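Chemist: Sequence:
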Amino acid sequence: MKIDRSQRIPAPDFDLALTLDSGQTFHWEKAGAGFVGTIGDRATYVEQRGSVLKVHEGEPPSPTGRRPALPRVVARYFALDHPLGKICASFPNDPVMQTASNYCRGLRIMRQPRWECLATFITSSMKQVAHIRQISRILRRRFGEPRWLGEETIYVYPTPNRIAQLREDDLRECALGYRAKNLLATARMVSDGRVDLEQLARLSDDNLRAQLCKLPGVGAKVANCVMLFAYERLHAFPIDVWIERVLRQKYFPRRRKLRAGELRDFAASHFGVHGGYAQQYLFHHARKTTPRRLSVRPR
DNA sequence: CTCCAGGGATGAT
DNA sequence: ATCATCCATGGA
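The numbering of the first sequence is my numbering, which starts it at 135 and goes up by one.
No lab work stands behind these hints: they were computed from the structure.
Take these hints with a grain of salt, some might be off.
Stated by the list, open to error - Under the rule of at most 20 Å between Cα atoms (straight-line distance), these lysine to aspartate or glutamate pairs were calculated in the EDC-like manner:
no. : residue 1 : residue 2
1   : Lys384    : Asp155
2   : Lys355    : Glu396
3   : Lys220    : Asp149
4   : Lys391    : Asp374
5   : Lys164    : Glu286
6   : Lys391    : Glu366
7   : Lys422    : Asp374
8   : Lys261    : Asp228
9   : Lys355    : Glu285
10  : Lys315    : Asp303
11  : Lys220    : Asp399
12  : Lys220    : Glu307
13  : Lys315    : Glu332
14  : Lys188    : Asp155
15  : Lys261    : Glu279
16  : Lys391    : Glu378
This structure is a prediction, so every number in the text was calculated from the model and none was measured.
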């Protein structure tokens with residue numbers, strides 16, 4: 135008979151499914167009543183029951199040294215310590231923000247591994263979330279190390295060293311298109327030590343952004359995503375096509391001409407010290423409530 | 001079929 | 001600084 139190895143973690147003010155569907159990570163998949171995925175190199179099952187998470191993990195591939203206990207790893211990954219009440223209370227009191235805030239109750243900005251977050255957002259340029267997920271799945275299955283979780287195999291995100299060994303064509307075969315060159319070049323910079331992603335955590339927001347933007351395939355938007363999702367810079371405000379649409383339509387409906395710089399300055403000042411959280415709520419609300427265009431058009 | 005997607009790099013104003 | 005153009009791919 136099977137032993138229930140699951141552990142329980144208190145998780146108030148948290149919505150697991152909402153958080154995993156919000157376009158931060160791209161690899162978690164539904165499994166039974168919960169989700170399976172990796173947290174760093176650990177294959178993990180997570181299931182929410184009310185305000186408690188049930189978690190268990192797969193066996194490590196080989197005898198390993200002592201590792202942090204899984205509940206602490208999960209709690210840190212999902213940022214269960216973020217004071218969500220205070221964060222939401224810091225949002226501006228305008229109807230657009232309040233609607234998004236109410237819609238996204240329990241959504242948390244996760245603490246992702248640096249390389250994994252950087253690499254996936256390099257592959258995200260001009261891609262829908264569904265396709266970013268597909269690219270992540272292919273890269274993991276082809277180049278990532280396997281882990282076993284019960285009956286199923288989970289793949290860790292490939293390391294910078296592994297990607298750096300590949301040829302551009304290997305990545306193009308993973309449907310990366312023009313992004314292949316950028317992912318490869320950035321992987322080689324991280325792999326050979328020209329950039330130390332962990333050391334970058336010391337830098338101020340502006341210096342961190344500047345350093346990230348030196349990496350091939352990283353501009354302001356991707357840099358802000360990586361700052362927000364992997365460096366805990368909760369003021370970073372990525373502006374993608376969805377957010378730009380929201381800002382222009384909801385906050386500047388009568389301004390035909392509006393420079394990108396003006397949008398950036400408005401976002402930085404209007405949404406408060408946790409602007410990144412506000413941005414994520416606006417993004418997810420817009421993406422989930424904007425009706426898809428009907429497929430059949432008159433001719 | 002067309003339109004669009006969690007953009008970046010480059011070159012011209 | 002700001003804008004135009006190109007870059008691959010596949011879902012809807």
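Chemist: Hint by hint, say whether it matches the structure.
Modeler: Here is how each hint holds up against the structure:
1. Lys384 x Asp155: Violated. Lys384 to Asp155 sits at ~24 Å, over the 20 Å cutoff.
2. Lys355 x Glu396: holds, 15 Å
3. Lys220 x Asp149: holds, 17 Å
4. Lys391 x Asp374: Distance ~18 Å between Lys391 and Asp374 Cα, so the pair holds.
5. Lys164 x Glu286: holds, 12 Å
6. Lys391 x Glu366: violated, 33 Å
7. Lys422 x Asp374: holds, 15 Å
8. Lys261 x Asp228: Outside the cut-off at roughly 31 Å; violated.
9. Lys355 x Glu285: This hinted pair is violated, its Cα atoms lying about 39 Å apart.
10. Lys315 x Asp303: The hint holds at about 9 Å.
11. Lys220 x Asp399: Between Lys220 and Asp399 the Cα gap is close to 24 Å, so the pair fails against 20 Å, i.e. violated.
12. Lys220 x Glu307: violated, 46 Å
13. Lys315 x Glu332: violated, 23 Å
14. Lys188 x Asp155: holds, 19 Å
15. Lys261 x Glu279: Answer violated: Lys261 to Glu279 is near 25 Å, above 20 Å.
16. Lys391 x Glu378: holds, 13 Å
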